[in-house]
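Chemist: Listed below are the residues making up each chain.
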Amino acid sequence: MFGELIFHALLFVLMMFLFITSFSFPILNIGGKLGAAWWPQVVLTLGMVLLLVSAILLIRKGRAAFDEKERIEKKEIISLATSSLIFIVALLSIRTIGFLVSAWIIVLGFMIQLGARKVWVIAVSSVVIALIFSLLFGRFMMVSLPRGMGIFRAISYYIY
Amino acid sequence: MGHILSGFLFALSPVNLLFAVLGSFSGILFGALPGISSAMGVVLLLPFTHGMNGITAIILLVSNFCGSTMGGSTTSILFATPGTPEAVMTVLDGYQLHKKGQGGKALGIAISVSVIGGLISTFVMLFLCIPLSKVALKFGPAEYVSLALLGLAAISGLGHGSMLKTVASCIIGLILATFGTDEITGITRFHFNSTMFMNGIHFIPVMIGAFALSEVFMQGMKKSETQDYSVAKRLKVEFMTWAEFWHYKWLILKSALIGMFIGILPGTGGTIASVLAYSEAARSSKYPEKFGTGILDGVIAPETANNASTGGAMVPTLTLGIPGSGTTAVILGAFIMHGMRPGPLLFMTQPTLLYAVFISMIIANLLLFFGGIYGVKAFAQVARLKYYFQGPVILLLCFVGSYALSNDLGSVWIMLIAGVVGFFFKKYGFSVAGMVLGLVLGEMLEENLRKALIISTGKWSGLFLRPIAGPIFLLCLLAIMWPVIKKQIEKKSNSKRTA
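Protein sequences appear in the order of chains H and V.
The numbering of the first sequence is the working numbering, which starts it at 1 and goes up by one.
The numbering of the second sequence is the working numbering, which starts it at 1001 and goes up by one.
Keep in mind that a hint or two might mislead.
Said to hold, decoys possible - Derived pair list, reagent style DSSO-like, types lysine-lysine, alpha-carbon separation capped at 27 Å: (1) H:K74 - V:K1426; (2) H:K61 - V:K1487; (3) V:K1427 - H:K75; (4) V:K1236 - V:K1377; (5) V:K1427 - H:K74.
Said to hold, decoys possible - Sample of chain H residues facing chain V (criterion: CB under 8 Å; computed from the structure): (6) F7; (7) L18; (8) F23; (9) G35; (10) T96; (11) M142.
Hint data in this document are derived by calculation from the structure and do not stem from the laboratory.
The structure presented is a predicted model; accordingly, all values stated were derived computationally and were not measured.
Glycine included, each C-beta is placed from N, C-alpha and C at the ideal position.
Chain H extracted, bound-state conformation (with noise of 0.2 Å):
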């Protein structure tokens, strides 16, 4: 119960800063008083109410149900994380070491995390698929990946 109550208090503090940032945006004449900011304060009043609500319900509904939930939960958390972790290590080099070899990052670390063993599949396939992807899009579709700095740029633009 507590992790679905820590949610519905995040999406609403975050509704709440939403709600009051959309008090800074510049009045225009334009629209007269359904300016940039009434749609937004019309939808995020709604959200915090609804959200409200359902937290109150949860409340009301007690701890007990939720106690195997919970349990679960803590091993999914952890594979969220990791994975996330994975994906926001190749994002933010990508721009050093360019699509390629992000992509090798991306599916070596996935291979790994979904239960792959074996090294030397893990090895080849990771290779591969990051190949074909990076010719693909690169290549044949004309996608414009990121190519990276320095010697991955170079390489990058042998394959894309």
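Once you've looked at the hints, dock chain V against the given chain H.
Modeler: Chain V in isolation, oriented as in the chain H frame:
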């Protein structure tokens, strides 16, 4: 009639036929690749049309448009990653069907109804394109508001769990749609000095993240060395049978008409068409609670509508010279590039050529049957792999699908955030579908609501007392109230039975 016959003969010439085949097959491939939208597919083919006969070039591009609209469903069903924005609603039930081991059926149905939807709309357009384009011009802001509300009314059918959380999810989608530049005042809202939010939040990265990425995150727990692959091994495309066609005939017809008419309206297109068709299917269904759990109705409605919208989208482009969507804007550009100016004059001066375009669309739609089988087979190979191969492939498709929208890493960050939020949404019973619905329709709703209120000097009555918008608003009210009315009817009939 003579012009239609001449157009038919023109479209059936070997060269035009060959380019219709090339266009539709390449469209299926482009559509199935996330990040390559229908508009982008047409743009990629545009350089190849230099030196071609004008109408042959248009036939190639229009066939590609039809193909890519259908192709988008493949990755939606197999990997929960929509290949094109038009296939966004197909994920909801298509992917669930695949998880149940009915992926082949879902793919076959998607191909079948895409062909049927495309054919219905093209046939209707062949005879009624001019009167229908005049009706479309009568649509003002109030009518667009009523259409958006009708789409949002679908959330009453999407709530498998708590209705309160489903509505809250929809509101979250509407909030996300307010990010970026306000179309009326030009003020940039909620940008936080980051380029990531300045252009607003597009629904594609959110959709990809919330559905596909969160799914891979969840699979991270189940180490796939022990996973059962029998579901993927059974994947065999099964087309719609006559019995199924007869059973779903009204749903197909209704979705095709919705798709066709929404396609005609400028600024809407296949995505809005599929959302509205899905919502209407859920609203009028005898089992709305099953939508989103993996039922064929949830694939039939959006897939019929998005392909039907291709015929509709060509109407304002050809008859008025107004492109209804990004793809038709590129096609309009191709017309001009080849020395033709679409509009009322073109219908008078070169009717045969324009009818040839519609006939080619019919041919392209028929070709989708064959192209669809081979396209699906190629992607089905990936679905047969172990999840530790599939997962990274899905992730890279998610990455490229988000990035290629605007060649911006900001979209990939949004996709990642949506993946994490989607994970918690699924965990705590919020509705990802509701959020996407709000995000897709949010901009259309806000912009037109404000325009309508400005026009009526703030009077809400000006919004409802209109000949087209009024009845649609009534339908919205009925759609929202229907679950309550239905419960009351059931209660009464139960109490009568017990008495």
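Chemist: Hint by hint, note whether the structure agrees.
Modeler: Hints, verified against the model:
| no. | hint | result |
| --- | --- | --- |
| 1 | H:K74 - V:K1426 | 15 Å, holds |
| 2 | H:K61 - V:K1487 | 24 Å, holds |
| 3 | V:K1427 - H:K75 | 13 Å, holds |
| 4 | V:K1236 - V:K1377 | 8 Å, holds |
| 5 | V:K1427 - H:K74 | 12 Å, holds |
| 6 | F7 | 5 Å, holds |
| 7 | L18 | 6 Å, holds |
| 8 | F23 | 12 Å, violated |
| 9 | G35 | 6 Å, holds |
| 10 | T96 | 12 Å, violated |
| 11 | M142 | 7 Å, holds |
Violated hints, listed in ascending order, are 8, 10; each of the other numbered hints is respected by the structure.
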